[in-house]
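Asks: Residue numbers (the working numbering), protein chains in the order written: chain A, 1 to 156; chain B, 1001 to 1120.
For the record, the hints were derived by calculation from the structure and aren't laboratory data.
Certain hints may be false.
[Stated by the list, open to error] Simulated restraints, written as ranges between beta carbons of each label pair:
{"hint": "1", "chain 1": "B", "residue 1": "G1067", "chain 2": "A", "residue 2": "Q147", "range": "30 to 36 angstroms"}
{"hint": "2", "chain 1": "A", "residue 1": "V54", "chain 2": "B", "residue 2": "P1078", "range": "43 to 49 angstroms"}
{"hint": "3", "chain 1": "A", "residue 1": "G53", "chain 2": "B", "residue 2": "T1077", "range": "48 to 54 angstroms"}
{"hint": "4", "chain 1": "A", "residue 1": "L87", "chain 2": "B", "residue 2": "R1051", "range": "36 to 42 angstroms"}
{"hint": "5", "chain 1": "A", "residue 1": "V109", "chain 2": "B", "residue 2": "V1003", "range": "41 to 47 angstroms"}
[Stated by the list, open to error] Listing some non-contacts, in silico: residues in chain B with all C-beta distances to chain A over 12 angstroms:
{"hint": "6", "residue": "D1037"}
{"hint": "7", "residue": "S1047"}
{"hint": "8", "residue": "R1051"}
Positions of the beta carbon are idealized from the N, C-alpha and C atoms, including for glycine.
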Amino acid sequence: MTDDKQNVVELELLRAQRSRLADRIRPPWWYLTGIGIGYALVFAFPFASRFLGVSIWPFVAAALAVAVPLQWGWTRTTGIKMGFRNLSYPGPGRPARYAVVIVSLGAIVTEHFLIDRGLTAAAVAVAALAVAAQVALQQALLRGMRQELQGGGGAA
Amino acid sequence: VTVKAKPDALIHPITRLSICGLLAAGADWVEFAALRDAAGISDSVLSKQSRVLEDAGYLEVRKGAVGRRPRTWFRLTPNGREAFQAHVAWLQQAARVRPEDAGDTAAPAPSAVPATNDRG
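Chain A extracted, bound-state conformation:
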């Protein structure tokens, strides 16, 4: 095989290997369930605050108690630590990261607004929709991670 063909083969091999690595980013059932429970706690805060007078800290602690073991289990299962991506980090998952923030803030503000006007059932519906949206967005984030790994993170 000539050297230039050998180089093409090596680059193709790298792509195939990255695809195999990216395939590990598949959420097990407990991961998305845990994400749903975590966000349910977040979106339950406006109700607990209004009707039970609970402060935000028990909710922060409960959300962390779900998120930390979830992330640990996820890293252990996949064998991949992706590192923190902020909103300015470029990549395929960026729109989903923006959407996570917008849905979170939008849902909490809307819930407060509806609860203050006595529309509790509507607020519950908003919370449920927001949890479903966050689970869907998490899947979009994972798709973004897979695409990033397949694309080589700009490395090749």
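Given chain A, work out where chain B should sit, using these hints.
Replies: What follows is chain B alone, placed relative to chain A:
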């Protein structure tokens, strides 16, 4: 940021190229088994080649344990990432420019990279 294409003899062997390529793909840390499976190599090959890369300062290794099971994590150092990107840029350049129609502007021939006996 443009990467200067430059062959790297240490990364050139396919096994080390695979290890670096997987670690440069976007993950922060990759665990031993995940790297082994994705690269399609054996435990002993990964151990040996990762040690070579670690000694060269291209790879950072973190060892831990979950219960009694040892867990080893790898990531590229900034030097390793830079060397890999330069090497891949050179590979791409060499693959694009065919020797017969490249003339004097051809990329350095891959044969210029010192031969190693552990390709594959």
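Asks: Decide, hint by hint, whether the structure agrees.
Replies: Against the structure, the hints:
1. G1067(B) to Q147(A): 30 to 36 angstroms: 34 angstroms, holds
2. V54(A) to P1078(B): 43 to 49 angstroms: Holds: the Cβ-Cβ distance is about 46 angstroms, inside 43 to 49 angstroms.
3. G53(A) to T1077(B): 48 to 54 angstroms: 52 angstroms, holds
4. L87(A) to R1051(B): 36 to 42 angstroms: 39 angstroms, holds
5. V109(A) to V1003(B): 41 to 47 angstroms: 45 angstroms, holds
6. D1037: 7 angstroms, violated
7. S1047: S1047(B) clear of chain A: closest Cβ-Cβ about 16 angstroms, beyond 12 angstroms.
8. R1051: 19 angstroms, holds
Hint check: a violation occurs at hint 6 only; the rest are consistent with the structure.
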